[in-house]
Amino acid sequence: MRPWLGPAAVALVCGVGTMVLGLRPPPIEPERAVASEDAIALLDGLRVGDRVKGWTVLGIDGPRDGTVRIDYGHGDVRFSITVSPLGSVPDNPPMHTDLYAIYYGHVHPDGAKIPPAAVKALLADTARRLKKTEREER
Amino acid sequence: MGTRARLSGLLHDRVGLALVLVVYAAIVAWALATDAFLHDEGLLTHLFAAITARDFPAAFFLQKTRPPISAIYAPFAAWGFTPFFVAHAVVGAVGIAMLRSAAIALGHKLPNVVAACVALSPLFVGGAVAGLSNTDAVAGLCAFAWLHAARRRELAAAGLVGALVFVRSELAVLAIVLAARAVLTRRWAVLPALAAFGVAYGLAGAIYHGDLLWQLRFPPALPEAMPGNPYWESHSGRVEVDDFVGTAVAITPLVPVLALVSWRWLNDLERIGIAFVVLFAGALVVLPMWRVFNFDQTPRYLLPVLPFVALAVGRVLERWWAGDVEVRRADTPVLAATAGLALAGALAAPHPTGLAAVGVVALALALARAGRGRVAVTLALALVLLGPMAFDDGAQIDRRSNAPHLTEMIDRLRELPSPPRDVYTNEPLLAVYLDRHDLLPSTRVHYLVQADQSFELDRLANADNGQRDALWAALAHDFYGEPVLPDALRPDAIEDGSIFALRLDARLDLALPPDVWDRHLVELHPGYGTVIARFEEVPR
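As you go down the protein sequences, you meet chains A and B in turn.
Note that the working numbering gives residue 103 to position 103 of the first sequence, counting from 1, and the numbers run on in steps of one.
Note that the working numbering gives residue 140 to position 140 of the second sequence, counting from 1, and the numbers run on in steps of one.
This is chain A alone, in the form it adopts within the complex:
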């Protein structure tokens, strides 16, 4: 047997293994705070680890004083969407439903650009979830 065949076979197995394991979806950051059932119900079952429009839900926090915060991540960029009862925050929200104002911010790292289309799509997804919950509650 040729002496290079053995190590070449090991290299082949390692190469295939590296490719297969390297193509796994990136691990979701471990859930560092448990999203409350109220927040999950308000957001129509949205959970940490879900992917929405290509973004991963890194965390859901709240409700705290009625506000729920959803952290989204894509690669190294993160930002948050917050949902507050309409009228509870003085600023005009970029989107709202009958009962809730939806804001975004907390962009990380500092100065990172979130594509406007992505922000719009995630705000719209949040609004859709809230409207569904509102309809069901009526």
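Hints listed in this document are in silico derivations from the structure and should not be mistaken for laboratory results.
It should be emphasised that the depicted structure is a prediction, and the values quoted were computed from it without experimental measurement.
Each hint should be verified, as a subset may be incorrect.
Distance windows between CB atoms, simulated [said to hold, decoys possible]:
(1) R217/B to I40/A: 52 to 58 Å
(2) I40/A to E415/B: 24 to 30 Å
(3) H437/B to G15/A: 37 to 43 Å
(4) D496/B to E134/A: 36 to 42 Å
(5) R24/A to A488/B: 47 to 53 Å
(6) R217/B to G111/A: 52 to 58 Å
(7) R24/A to V23/B: 30 to 36 Å
(8) R217/B to G15/A: 56 to 62 Å
(9) H437/B to E37/A: 38 to 44 Å
(10) A348/B to R138/A: 44 to 50 Å
(11) W265/B to G15/A: 26 to 32 Å
(12) A463/B to I40/A: 50 to 56 Å
(13) R217/B to G66/A: 56 to 62 Å
We put the CB at the ideal spot given by N, CA and C, even for glycine.
Put chain B on the given structure of chain A with help from the hints.
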């Protein structure tokens, strides 16, 4: 001289060493500019050196300060963080050059490969710029190899190892190996050389402490963990295979080459080195299970194996380069077993870096056996070059993995309507990062000294001769910011409206008992790894 010969020359001439050091310096410069490797343990090295500059006897005769390196870095630490970080990286560079000289003296044909293995080790280059004492241990071991091989000063080399034990106590393993060898080969003079620094330091310290047994009364680390410390209660001390594999390739991605080394190819010093590597790695896997001297499974603790791994790797690669490939039956099964270990690690790790490293080494061996030894060495060098970029996962010394919440903490602080005057924090990197990046210049950062930190200093310093008070005085204005001792942290001592920037640490409740503090702290930004809160004098 043809291009091929010139390229070959780079593997052993001084131009090649210069190139290695240029790449090392470029990584250091990038890391300094971005603080990519800002690390609390590196800041601790700076802190020890800074207090040594402020009060030499009190700090030098506290074994915890790693006295030999604190004395060396004291003038640089007194000058500031950047001079200290640069000096620390320069010591690493000197170590690289010394190991190359040792390799030449040992008859290595490709000494720059040995130098590159150390210089481009993801753990080493990151730790060197971070200020970690683990890279001082590596530089010290490079100097040991240089004294032993290039200068033929066996006693001086042993004396150096005796001093290095006071830098990183785990290097006692090498001192034991050298002592055992001295007894077996009847080199009796090595034994007093090993003990020389400890005895001289002990006698000088006895005058300061007024106690001949002061080194036992005030050891370099807590003999056992602080009782009730939740940090240790949450650590099992077991080694996980993915962590072990990640650490191994972060030391050098060429670590699988060790599986191909023959004992016969190594000379005396290299055999001592391999014996040390085996015993040291074994000790650092076992010691954390017993929680002896607060060891845990931190990857950087294993870094001192690097110089001897690099020398052994050099022995294999020089044979490939020369076309002198010995086909041994055991190589393929051993490599396959290594691949199995790497696969087990890859299944649990986010990236299969260990498996990739074994694959490249196996491919290089196949090429060498197929008569393409120079291509094999080139492939191995490519792996070394990729190290700092692709195999740093397991190092866990970069700022992102060491303090993942720091950027968010700073972002949230900067979003406050007006810059806070006083920020209280348990994050050791906050004050330094803000200062180095000119952020929130009007804010005073107060560091909440953790209960276990003050417990350790109180236990390891001598109260009877005034050392303990002298050390706290030396730390009064610079302990990751302005320190607030646990006893001084009371709600009536904090100004209304002060901001608390807290990382969620298992020890936080010891510093801020919830039954006292929760009523005073209004959360402004609840987060997962960090919380920003405003202090209200009147409880809610």
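For this session: List in ascending order the numbers of the hints, as given earlier, that are violated by the structure.
Result: Violated: none.
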